[in-house]
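Q: Chain by chain, the residues run as shown.
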Amino acid sequence: MSGLRILFIDDEGAFTSTLLERLELRNIQAQAALDGHSGISRLDDAAREGTPFHAVVLDVLMPGMDGLETLRHIRQRHPEIPVVVLTGHGSTRDGMRAMQLGAADYLVKPVDIEELVRVVRNASEYAGTLPMQPAEPPQAD
Amino acid sequence: MNMNELRARIRGFFAFPEGVDETRYAHLKRNIGVLMVMVSIVPLCLMALINFHIYRSTLDRELEAPMRGLVNKTKHSFELYLRERLSAVSFIASAYSWDELSTEETLGRIFHIAKQEFEGLVDFGLIDETGRQVAYVGPYNLKGKTYTDQPWFLQTRIRGSFISDVFMGFRNVPHIVIAVEGHTASGRIWVLRATINTDRFDELISHMDLDTGADAFLTTSRGVLQTNSRLYGATLSQLPFELPSASYQANVFHVDGPDGKHYFATCSAFVNPDFVLIAMRPVTDIVSSWYSLRTDLLMVLVGGVLLIALVAFKLTDMLVQRVMDSDRSRETAFREIEHTHKLSSIGRLAAGVAHEINNPLAIINEKAGLMKDLLDREPESEIRSRLTKQIEGVLSSVSRCRVITHRLLGFARRMDVSIEQLDVNEVLRDVLGFLEKEVIKRSVDLRLDFAEVAPVIASDRGQLQQVFLNIIANAFEAIQDGGIISIASRTSDEGVSITVQDNGCGMSSETMSHLFEPFFTTKKGTGTGLGLSITYGIIRKLGGRIDVQSEEGQGTTFTVHLPWGKRQEQ
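Taken in order, these protein sequences are the chains called A and B.
If you count by UniProt numbering, then the first sequence holds residues 1 to 141, one letter each, in order.
If you count by UniProt numbering, then the second sequence holds residues 1 to 570, one letter each, in order.
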């Protein structure tokens, strides 16, 4: 499909590498960063190169700069890029705070890949980083 | 050492021991009771005792005073009477010479004149220095008698005048002798003697006007009666008791009478002759008023003590009961806190575990997902379909785990509560809507008995739905097909209570004791054991409580009490 480019920022390497591979199988370009700083610099690089990411998937609990802090930075530097928060905590509160800070959506680990793709695609289309797809048949939640 | 021991013992007695066993309350009751009774009864008794003594001494003084007065007055009458007689005899002795008196004719004339004035005068006698009676006027033939050895004669010779004790003398009638010494011109000594009978004494005593039962008499200091006594017999009898030392002031003493009664006696001694006047009154008469007062006092005291003891007992009982109740409620509160604490720490642990498990679970999910993705690209083969089946199994297990970890996290975390005004009946109907299919499928006899007044409370709709769904689902689990489930809602002052009753399998007491613990389940394999613990947590957070009654084989009743809640901002 269309070249959807996603950046994963998650300290769990085994998780992201597998996920990246699965997304690749679905023709989605995805990259991973293991912490907030490298994630932000990766975003900056991509923007400079003229191939910005269409969306960011961000883990909340990370060593160093945590997800919410990273989110704040991304919102400042790349306000156009939608951020989907992925939490292993399952706490509604984190999700709410993330939404307040400007996250496009939030998901709970372990997540279904189709769900993830759908949410990310919707978020990037809504944010305008990815052109709208022809209307999909509505899915039940 | 001994003192310390005693002190320790007293301290031990009045200690109020801690603990909640029965002996402690008995101890407490005893100590408080004894202290209260002592504090109130000791002053009461002291006061009664002091009153008793003050009243008694006052009464004694009041009784003594009139008796003293009476005895002193009568003594004066006696003294006056005797002095008059003495001075009359002295006058005769000095007015007439020996020669005149020694002639019986003159003496007789003087006697007859004197007798008219001189009450009780019996005879006159003139005695010479040798003691021989030279002249005599009177009813007896005593002329020529010799009195040399008579004590009154000797006393008269020594003192110049003399009043004798009562004696019988030669004539066997009690009388006294008044004798006066005289001198002739030549210096010879003679004695004029008058005899007086003592009828007048009895008369003087009868003038004292004593009550019947009382007694008054004249005696010598050696205890020889000078008048008749009602108690101690006729004149010249010996008194059976020792007189108190002579005092010219009225003296009070107590003595046991010959009739066995106790007497209160007043005595007063004469200056001359050696007489003592005694008046006696039975103590019983005097103090009968005192006795009646003492009885009253005693009755008041006993009544007071009984009343105090009763009140102290009741009060102590009440107090100890209060202490007991408060101890019990404290213990219950402690148990509850402990329970809540246990639940919350289990919850924290569970949340920690769930969170740690979530990440590897996510990895497993992705790895298995990748395997599936890769397999999907392989051409159709037997091994592909077998592997796909296995992977489906892994993925479904992961999603089951996901449900568990998310529920655990939900149990532990502070759920975001959104309070709104809601009708509990409506919430129940919503929940029953979910179960409609099952009701029909299992032909459950669902009996609804909702409160007529809409039970509108301020609470969280989603959480209440979860609670009711959980409890009603449990009831469905418990019953067999065709069983009965009754759901009732009631309003009270405190809030709304919802009762879910089933006639299912019920629970053992062992099950009941673990009912709200996380991971405790009787549905091995299908349940997570989190439903009721989450329910419990939610209800607690909403300010309510949950009661469970269950009997094995009889069914279970869950009652959820929810408070009215505060009206949130509109």
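The hints are simulated quantities; they were obtained by calculation from the structure and are not laboratory data.
A virtual CB, placed ideally from N, CA and C, is assigned to each residue, including glycine.
Accuracy of the hints is not assured; some may be wrong.
[Unchecked claim] Stretch by stretch, here's where chain A covers chain B in the computed footprint (C-beta under 8 Å, at least three residues):
| no. | stretch |
| --- | --- |
| 1 | 351 to 361 |
| 2 | 364 to 371 |
| 3 | 397 to 407 |
[Claimed, not checked] Chain A residues, not near chain B, derived (Cβ > 10 Å throughout):
| no. | residue |
| --- | --- |
| 4 | Asp45 |
| 5 | Pro52 |
| 6 | Arg77 |
| 7 | Gln100 |
| 8 | Asn122 |
[To be verified] Some chain A residues judged to face chain B by a derived CB distance under 7 Å, without partners named:
| no. | residue |
| --- | --- |
| 9 | Asp11 |
| 10 | Glu12 |
| 11 | Thr18 |
| 12 | Lys109 |
Q: If a hint holds in the structure, say so; if it doesn't, say that too.
A: Evaluation of the provided hints:
1. 351 to 361: holds (count 5)
2. 364 to 371: holds (count 6)
3. 397 to 407: This one holds; 5 residues, not fewer than the three required, reach chain A with a Cβ under 8 Å.
4. Asp45: Nearest chain B Cβ is 26 Å from Asp45 of chain A, so the label holds.
5. Pro52: holds, 26 Å
6. Arg77: Holds, because the least Cβ-Cβ distance between Arg77 of chain A and chain B comes to about 28 Å, which exceeds 10 Å.
7. Gln100: holds, 13 Å
8. Asn122: Asn122 of chain A is indeed farther than 10 Å from all Cβ atoms of chain B, at 20 Å.
9. Asp11: Violated, because the Cβ-Cβ distance from Asp11 of chain A to chain B comes to roughly 9 Å (cut-off 7 Å).
10. Glu12: Holds - the Cβ of Glu12 of chain A comes within 7 Å of chain B, reaching about 6 Å at its closest.
11. Thr18: Nearest chain B Cβ about 4 Å off; hint holds.
12. Lys109: holds, 4 Å
Taken one by one, the earlier hints fail for this structure only at number 9.
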